[in-house]
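Got chain A sorted already, so can you dock chain B onto it with the hints?
Chain order of the listed sequences is A and B.
Residue numbers for the first sequence follow this note's numbering, so the first one is 2 and each next one is one higher.
Residue numbers for the second sequence follow this note's numbering, so the first one is 13 and each next one is one higher.
Wrong hints could be hidden among the right ones.
[Stated by the list, open to error] Straight-line C-alpha distance at most 20 Å; calculated SDA-like pairs for lysine to any residue:
{"no.": "1", "chain 1": "B", "residue 1": "K339", "chain 2": "A", "residue 2": "R165"}
{"no.": "2", "chain 1": "A", "residue 1": "K111", "chain 2": "B", "residue 2": "V285"}
{"no.": "3", "chain 1": "A", "residue 1": "K305", "chain 2": "A", "residue 2": "N381"}
{"no.": "4", "chain 1": "A", "residue 1": "K123", "chain 2": "B", "residue 2": "T399"}
[What the hints assert, rightly or not] Facing chain A, from chain B, some residues (calculated, C-beta under 10 Å):
{"no.": "5", "residue": "P55"}
{"no.": "6", "residue": "G57"}
{"no.": "7", "residue": "Y155"}
{"no.": "8", "residue": "P185"}
{"no.": "9", "residue": "I241"}
These are computed hints drawn from the structure, not numbers from a lab.
From the three backbone atoms N, C-alpha and C, an ideal C-beta is built for every residue, glycine too.
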Amino acid sequence: MKNRPFEGLNVLDFTWAGVGPLTVNYLGFYGATVIKLESQKRPDVMRTLAPFKDGIPNVERSYHFAYVQMGKRYSITLNLNHPKGIELAKRLISWADVVVESFATGAMEKVGLDYDHVKKIKPDIIMLRTCMHGHTGPLAKQHGHGFVLTGLSGLDGLTGWPDRPPAGLYGPFTDHVAPLFNAISLLAALDYRRRTGKGLYIDQSQHETVLHWVAPLILNWVVNHQEFHANGNRHAYAAPHGVYRCQGDDRWCAIAVLTDPEWTAFCNVIENPALAKDPKFAILLNRKRNEDELDKIVEEWTIKHTPEEVMGLMQSAGIAAGVAANGKDQAEDPQLKHYHFFNELEHPETGNLSFYHGPLFRLSKLPFELGRPPLLGENNDYVYTKLLGIPDEEFVQLMEEGVFD
Amino acid sequence: MITDNTEGLLSPYRILDLTNERGFLCGKLLGDLGADVIKIEKPGGEPARSIGPFYHGIPDPEKSLYWWAFNVNKRGITLDIETTDGREILKRLVKSADFVIESFDPGHMERLGLGFPELSQINPGIIMTSITGFGQTGPYKDYKASEVTLWSLSGEGYVTGDPDRAPLMPSFPIAYSFAATSAAVGALVALCHRSVTGEGQHVDAPAYLGLAWASGAEVQGLWSVDKTIVKRSGGAWLRPQTGTSSADVKYISLPLIYQCKDGNVRFMPFVEVGMLPSTMGLTNWVIEEGMASETLKKVEWRTWNWQTVSQETVDEITQSFSRFFIKHTKAELWEGAQKRGIQLYPLLTPSDMLEFEQLNIRNYWEEVEHPELNATITYPGAFVKMTEAPCRIRRRAPLIGEHNEEIYVKELGFSIKELLVLKQAKVI
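Isolated chain A, as found in the complex:
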């Protein structure tokens, strides 16, 4: 009896870049057989993005590619500009239970592999298509990526200092959000198919998805006609609240004092118990009124301590505080270690890299399984001759005809 939920589940993965692969990972982590389809002429764009291991640009050496290809998968190359390439793609669709792709509208249509066609080949297929604007409407054909979706989703406008233009979020932040919604949809669809035998088509507009994280602020416009504003690190109804400079070069610690008892405890930690009763700060309303002055008092204390000391002292007193961790702090973080957040995997081109991740949750009875990022076309032989059963001679013939380019 199988004991992993997706054992025997066949997934054909046309995705590239961030959101698509990060979606498919959730099936690969738990036993699915995933075939990642690329072409030699147009490999996954992530393979071409620096930084590369040892600084050497090469399709197998991108950190970005390694970071998103963590669920186990086979890599094949297939030339979809070749009629026999399309034939083979159709055979792979017959093999698959799930097809996932992440191009803008047009790419799959051009090769006749949109849902209507795919469904004819495999009536109970689950097909998930994800792109920035969804597959209908005037923007369907527009490419997208996480570096601009942070702007469209409002998250950039919410991240900044009141006296400056928005700083925006770091990196393609939404590329880490949209896959979770896709995974939810896919997993629910798999359960639905198990129960009803019916496949379905899922059309994700990443924009529509990500707006759910700021839904209360959208309602605030709808019913109150109020826009949102970035307000640095301040909290609407708590103080002190911020990220404060500590001892060391660019070292900082976040502190959030959220209740009256925490305020008293905070004043004790900074060895200034009198401050708790100082009329300027004793009540929240006054702390908010005099917040600039309060922040200076806090920083006069934090600057004399390392962020680790600040965090330790505050947390021991029951006050929320956290070092502003950099890459080194993350690598040494005991909580991340405890959760086996960083995993090392061997790779023939890059050696051991240590920043491979599993899912963002842990299951008490089901461990996840990682796979190293596949080399481009690494599994052509296995997939075409073993899984699809193409005779060796024909395989060689097709190769010579450029079908696997």
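Below, chain B alone, put in the same frame as chain A:
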């Protein structure tokens, strides 16, 4: 009240939702897919109903927009699980439920005798999902986990914001949305696993893992492999240039956000596959309007190489972009970008979002009736579109104890008299 009984993907399943503001979103997302989500609040109402903004700016537990947005598609009952009767009632509910979602501090459910081992004895198929800041175990598990703490400690803060100021967080909670959304993924993996093994399990979803993950390949890879620390660079991307060894890696600072006449826009001159037309489109537009530097006029994007270009060249190009953007409004830039196939995006505010044509044409927004206010209110709609079993809003967020009678009397079989006893004893 909208009631729409069309089937959803998760229609057969029942969820008991014990979450506070950290975890509302999890049950909401599963409810969007049709699950029967019962929001269990303390008698008198969930304290997080005090979180604003509020309908018409009036602070009222029935008018919290935070509550509304994240509790649609749930029925609501009141129950104090800290009382003996309350715990017994919860256990009765667990018998017919598939999922329990909670976001208390780690250990709280165990202290009430409602930990996963106890619940799975009552119902071996139950899937318990726990949403926390740092997780159920480990050295930080009992740390106070406010948004800014998680944001900082995860690594997000250090790379967000301007280099001359403190690490920066968004002015709206994001950390727990990671936990609540991943919790829904974990719960559904557990559901698929249950269909194989027949057993439920415990899902541990810490916000910390999600945020640390989102800090990305550069932060983690550049330290662990190259011993380089990535720093915050404001609205700019430090694009790595590679050499013959990692010691040669240099960075090109590339603005991501530009000011325009009435706001801000995002644009990146990508030359990767499929992106050339966008970059060339903007270049031509800037040239046409006479605002291009000599460098921009002469640039050959087709042969452009991010690996070898100098910072000076990049600056001469992006300064032309800046001059051009500041002369135009968001609307002008967006309209022109559409015509010319340029991937340029305004930083949208909520009013822009409601008018965004693509969202309207796709019928994204849903009208939700609030009969008690005699109002119909526009909400963000389905997070995905599907050919079967639609993802949609079936009901607005529950009022305090709105479904007490429906669930306690009609479904659990309590008499009205017993309900009265439980109410007076503050169990319900």
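query: Taking 20 Å as the top limit, are the C-alpha atoms of K305 of chain A and N381 of chain A close enough?
result: Since the Cα atoms of K305 of chain A and N381 of chain A sit roughly 60 Å apart, the hinted pair is violated (cutoff 20 Å).
message: Check the hint pairing K339 of chain B with R165 of chain A against an upper bound of 20 Å on the C-alpha distance.
response: holds (19 Å)
- request: For the pair supplied as a hint, K111 of chain A and V285 of chain B, confirm whether the alpha-carbon distance does not exceed 20 Å.
  value: holds (17 Å)
query: Minimum Cβ distance from I241 of chain B to chain A below 10 Å?
result: Check passed: Cβ of I241 of chain B comes within 5 Å of chain A, closer than 10 Å.
- prompt: Does the structure keep K123 of chain A and T399 of chain B at a Cα separation of 20 Å or less?
  reply: The hint holds at about 15 Å.
task: For the hint on Y155 of chain B, just tell me whether its beta-carbon gets within less than 10 Å of chain A.
output: holds (5 Å)
message: Does G57 of chain B hold up as a contact with chain A if the rule is Cβ-Cβ below 10 Å?
response: G57 of chain B check fails; min Cβ-Cβ to chain A is 17 Å, beyond 10 Å.
task: So, P185 of chain B near chain A? Judge it on the closest CB pair being under 10 Å.
output: This hint holds: P185 of chain B lies near chain A, its Cβ roughly 9 Å from the closest one there, short of 10 Å.
field: Satisfaction of the P55 of chain B interface hint, Cβ to chain A closer than 10 Å
entry: violated (22 Å)
The earlier numbered hints that this structure contradicts are 3, 5, 6.
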